[in-house]
Every structure is written in structure tokens, then in C-alpha cells.
Amino acid sequence: MLRNLARLGRYRGLIQSLVARELKARYRGSVLGFFWSFFNPLLLLLVYTFVFTYVMLGAHDKRIEPYALFMFCGILPWTWFSSSLAEAAGVLIAGGNLIKKVLFPAEILPIVTVLANMVHYFFGLVILAGFLIWYQRPLNFSELALFPVVVLVQLILTTSFALLLSALTVHFRDIRDILSNLLTFWFFATPIIYPYFMFQDSLTGQETWQGQLLKLNPFTHLAITYQEILFFNGPVGHLKWLLVLGVISIGFFLFAYWVFDRLRDTFAEEV
Amino acid sequence: MNAIEVVHASKVYRRFSHKRQFATLKSALLRGSLIRDLKPDETFTAVRDVSFTVPAGRTLGVIGRNGSGKSTMLKLVAGITKPTSGSVTVNGRVSALIELGAGFHPEISGRENVFINGIMLGLSKREVAKRFDEIVEFAELKDFIDAPVKTYSSGMYMRLGFAVAIHVDPDVLLVDEVLAVGDEGFTHKCLDKFAEFKRRGRTILLVTHALPMVERFCDEALWLDHGEKKGMGDPKRIVGAYVTAVEASEEEQLAAGDARAQESTAMVSPDEPASAVLPDHPVESAVAPSNMFHAAEGRWGSREVEITDVSLSSGDSDRGHVFQSGAPLDIRIRMRAPLPIDDFVVGLGLFNAEGVCCYGTNTNLENYRSERLQGDAEVTFRIDSLDLVEGTYKVDVAVHKLDGYPYDYHRLLYTFRVKSRTKDVGIYRPPHAWHFSEGITLTRASSDA
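Quick note, the sequences are listed as chains A and B, same order.
Per our numbering, the very first residue in the first sequence carries number 5; after that it's consecutive.
Per our numbering, the very first residue in the second sequence carries number 22; after that it's consecutive.
Chain A on its own, in the form it takes in the complex (with noise of 0.2 Å):
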């Protein structure tokens, strides 16, 4: 396993020009082509403004205005999570050709489906840039440096689900159906478009019982850290919780990877 785990560094060429080709291919043949990737972290920005300041007014804390701003800095993280996972559940067996016919790590297909979606999220970045500079919001640098860790410890993260979920699917492929469903419940469960300090007493900082189970949820802690880097003002409170979350990540991508290694054999007689 580790053997193959360090082969993967000599196929970086493949995973740098295959990230590129699907970057590439993704809006070939739009009019707009590569703006896309600007325009829809965009649009859903707009759309989820416009549902939250205006048909379900007042429905939030003063502390998280301007609101969209607040959104969108777990959105535009939770959008690079969520496609990965939901494209890596496929990418096993829509690559199927490339499996059985040609020698080739078949676990280089999620890592670059992982990897394309980072791209676009940081082409959202930019987007977010440009609204953090409209609504003149301070940030503070020492923050900011943080922000590459945060990056790194979802993308681990990322990585390992996409590892195990695309093993699986060869084997059940109703899990790409679960998996939607799964999404959608899993964004509602982190403080995305909602603040986790609403599950926290103002004054003595005591969680409730749903705050609790929402620590559970690792993705509550990457959203956290991105809100207090990019969006609040004042320390990085939840640092210790993300660095928890980047040790337990090894650990579950290591595991992810295990199971990659042991069912690898059977892709290509099963996609």
C-alpha cells in the first residue's frame, strides 16, 4: 500500500495534465467558457442572498451581516466538498475504459476530480475577494496565513471520502444515490448558512445539545475556521478543533487509501 501510495508522486505529470483537461473540457463548448467557473459561485451567491434577505427576512443574527458575505464563506468551501464527493462516486466507472485498458493508478481518477473542484474553488475565492473588498471588510494577515491550513486539512479530507466513495460505488452503485440525499442533509447540519453561535449560550459560550452533535460533523469545523478567518473579526477560536480534524484526516486517509489499494484489484473487472 505504501509502496503504491509513493508511486502516486511519479504520476504527478498525469494528475497536473489530466486536472488541466478537465478544467479544460468542463466548459468547452459553452459561450461563456471558462467564466463559468466565476459565474455560477456567483449566481448561487445571488440566489442564496436573495432567499435569505428577502423572502425569509430576519432570520438571522445581527452579528453575521452582511449575510451573504457570511454564506458564501462556507458555501463556496462546502460546494468544492460536496461535487467532489458526489463526481468521485462516478469516476470510477465512467473512467471504466481507461481501467481496463490501459495500466494506470485507478486512484488518480477521484484524486484529480478532487483536485479540479479545488481549482474551482479557488477561482470562487477570487469572487469572494472581490465582495470582502465591496463591503470593505478588515482582515487581518496573521489570519490569513492560516487559511492555507485550512485548505490542506479539507483537502485530505476531501480526498479520503472521495478514495472510499469511489471504491464502494464499483461495488454498490446506489451509493451515488444515497449520496445526493446525503449531501443535502449533510449541508444543513454544518453552520453554513447558519451561525454555530446559535447553539451557544451568548454569555457563559456552553453549547447546547445540537451544538454538541454538530462538532460531530467534521465538516462544522472547516466551515468554523473559514467564518473566523475570511468573515469575523478576532481570533481564530477553532483552531485546536481544526487541527484535531487535520490528525484524525490522516488517519481516515489512510484508511481511505487501504481500502482503495484492497478492492483495486477488482475495478477492473467489476466498472
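Certain hints may be false.
What the hints assert, rightly or not - Below, simulated DSBU-like cross-link-like pairs (lysine-lysine); rule was C-alpha separation at most 35 Å, straight line:
hint : chain 1 : residue 1 : chain 2 : residue 2
1    : B       : Lys103    : A       : Lys66
2    : B       : Lys251    : B       : Lys444
3    : B       : Lys251    : A       : Lys104
4    : B       : Lys151    : B       : Lys171
5    : B       : Lys214    : A       : Lys244
6    : B       : Lys210    : B       : Lys250
7    : A       : Lys104    : B       : Lys146
8    : B       : Lys422    : A       : Lys104
9    : B       : Lys219    : A       : Lys28
No lab work stands behind these hints: they were computed from the structure.
Being a predicted model, the structure only gives us computed values, none of them experimental.
We have chain A; now place chain B onto it with these hints.
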């Protein structure tokens, strides 16, 4: 040094029952049978205990019928699947021409696909760039290289795939039936490329049904049958043995097919009055089936004379279905007439696969006047030299009255196949010879090449 070493390799594919196919993760988890469900219910052995080695620089042809495990063998050598037991070792870089252009992305240009495909096959970006012009030229796609691959014709697609794969410059090249790419000219180019590979001391493993190519091109041949190694050695010898085995099994198939046809028609009651059967089969058509496209195999007649057995044989063999063109052929018809009959004609017709009557005759046409037939009798129709081109033929056999009233008519119930070394065309091969005057010189290649 051996380029390829295969030691007691077996490959068992798993087949799952219906129960397993419709199982879901949820139900598997609920029943706690996740691990058990991932185990196969049934297995299918595609390759069974095959061992062989290919020394570096040699070309091995793998032959065998469909489903004999050739492609699985190739995938094992390519490392795409792992042997269930035994081991497969390959020394050097492998490039497998299994499916050309696997991994091409339809939306992006040929140029980008060449790079990605090349990298996928093990080249670095710089290496692809260095060979890029050569690849494009080989694929004959200079004008289209920047168009998206989805606009390519299947031939262009394959040519590009082939060009990339062959320019990977592997130590071991695996080729699976991919020479049916492109036109004649391109095929020659591919063969030249293979020859160049051979010259440069590369190892080639060639899976093909093109037997002449194996004989001409390979240093050795491996014959697989039902996943087992049937033989390995000199290509001429192995190909010969394989062809013989194929003929034998064709023989079996034809015999089985004939038996089925005869069985199904034997259900027509022999006592049925002829008139009940006749209207559907007007007498004229019974004598000379006019439209063979609609003619089905069948049997009808009053059975006052019954054809009990028809056998085809050549020379000494008792009964056969596969004959060499030019060999003698005996069609032996056994019949029985319970009561004495004086008005009868024995006839037969030969039809090719398109339903064209190649030949038809009967005793009346050849001026035999019937005198008497009673009890068991046997008629043999001897063809001294079966001058038909290669193909499958069907035989009509009939005994009828002079006016066409059928006693027993067997339509297309008997099948035989003609094999020929010469791939000439048409229906009939007149006995012939070529004569050349001075000023024209031809040499004859050995007849089995």
C-alpha cells in the same frame, strides 16, 4: 534475458448470481453480509495454469478461438489485471495496444489528447513534445490535430491512438487485434513499424486471428484453447495444428446443426397424405426452389419412398462436413420403399450461403429411366473434384415422381463447408491453370503462406 515470464498463471473471473447483482449496500449492511457478498458465487476460469517465456527481442503470436483467454492473457502481461494464482513478470516498459485511444477525451483537441495519452502510457511531457510531430505524421492527422477529438471519424480516432501507443517506444509491445485500423496503406505502415520494433530488438506479443500474419511475422506461436495452453512453438506447426482443430470443431457444429434441422422436420407425420402438405409447396418450387431467400429448411412428401439417411464423405472418411476444395465428395442417399414403386426420380441441389443454386440435377434430367425401387436402397452421387470456392453450402435431396409429386423432399437439411487455401471468389471454380509467355515472369510463393 526473458522479456516476459508467465509461470503457472491462472485468472479466475467472478460471476455473481442475480441475488448479488441486485443487492444494495444497505441490505448488505443490514444482513451483515457485506464481506460475504463481495465474495463470488460462481467463478469462471479464463486462463488456466499457463506458463511460457518470451526471450527479449522475440515476437510471440497468440492464437486461439474466441473466448480462449487470449485477451485475458494480454491483460495479465500488461498488468491491467493480476493473475489469481501464479505469476507474470515483465521486464521493461510495456505498452499495450488493447483499445486504441482509450482515455481520449472527446471535448478537447487531438493535440492535448496526444499529450495526456502519452503521459498516461508512461512518457514524460518533454518526451511527448519531442515525438509529437512524428506521432501526428504517423496518424496522418496534420490538418485535424487541433480539432476536438469528438469530431474525428472512428478511423482517425484509432489512428491517433495507435500512433501515440506505438511512439511510446516500449521494450515490450502488446498488440490485440488492432491492425484492422485504417486503410490498407495504414496497415502496411503499422506492419513496417512492427518490423522496425523487431529489428531494434524489442519484444512483441501479438494476439490475432490473422493466421498468415502469425506465420510470417512471429518467431513463435502460442495456442490457447479454453484458457489452457494447447501448444507453443514454431508458428507454422502451431497454426497448422490450430487450423486442423478449428476444422474439427466446425465439423462438430455443422453435424449438430444438421441433426437439429433433421430432428425438427422429422416431426411431420410420414402418413400424412401428400395433398395436405402439397398446397404450401407447389410442385414446381419443390423441384427447383425459385426463391432461396425465403426457402426455409424443411421436409415434406408422401413418404411412399423415405429418405432414411444422407451422408457426405470425402475419400476414406465415413462422414464429414468440412472438405477441401478440389477433393472428391460423395453424397450417399439411403432410402426405403415399403411397396414397390416404378415412377421415381432422385435429385439433389447444392446451394451456397446466399441461397444461389450452384448446381442441381436429377436422374431424369440425366436420362435415367426409373424401373423399380423396393426395400432399402442406396444412391451415391459422386463429385470427383469439388470445384467450389470456400464457403458453407447446403444440400437439397429429394425423391419424387416424374411429374413432381414428392415422395420425400429434404430441403437444405444438410450442410457442408468447403475450405480452400486459395481465397478466390465466385460460385464455381473451373479447373484451371495459368500459362505465361516469355517476357512475363512470376514466381509462386509457397502455397501455405
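Against the structure, the hints:
With a C-alpha separation of about 61 Å, the suggested pair B/Lys103 and A/Lys66 falls outside the 35 Å cut-off, and the hint is violated. Between B/Lys251 and B/Lys444 the CA atoms are separated by roughly 28 Å; this keeps the pair inside 35 Å, and the hint holds. A hinted pair counts as satisfied when its Cα atoms are at most 35 Å apart, and B/Lys251 with A/Lys104 qualifies at roughly 27 Å. For the proposed pair B/Lys151 and B/Lys171, the alpha carbon gap of about 25 Å is at most 35 Å, so the pair holds.
A threshold of 35 Å between alpha carbons decides the hint, and for B/Lys214 with A/Lys244 the separation of about 62 Å lies outside it, so the pair is violated. Restraint check for B/Lys210 and B/Lys250: the C-alpha separation of about 32 Å stays at or below 35 Å, so the hint holds. A threshold of 35 Å between alpha carbons decides the hint, and for A/Lys104 with B/Lys146 the separation of about 24 Å falls inside it, so the pair holds. The hinted pair formed by B/Lys422 and A/Lys104 fails the criterion: a straight-line CA distance of about 64 Å is larger than 35 Å.
For the hint pairing B/Lys219 with A/Lys28, the CA-to-CA distance comes to about 39 Å; that exceeds 35 Å, so the pair is violated.
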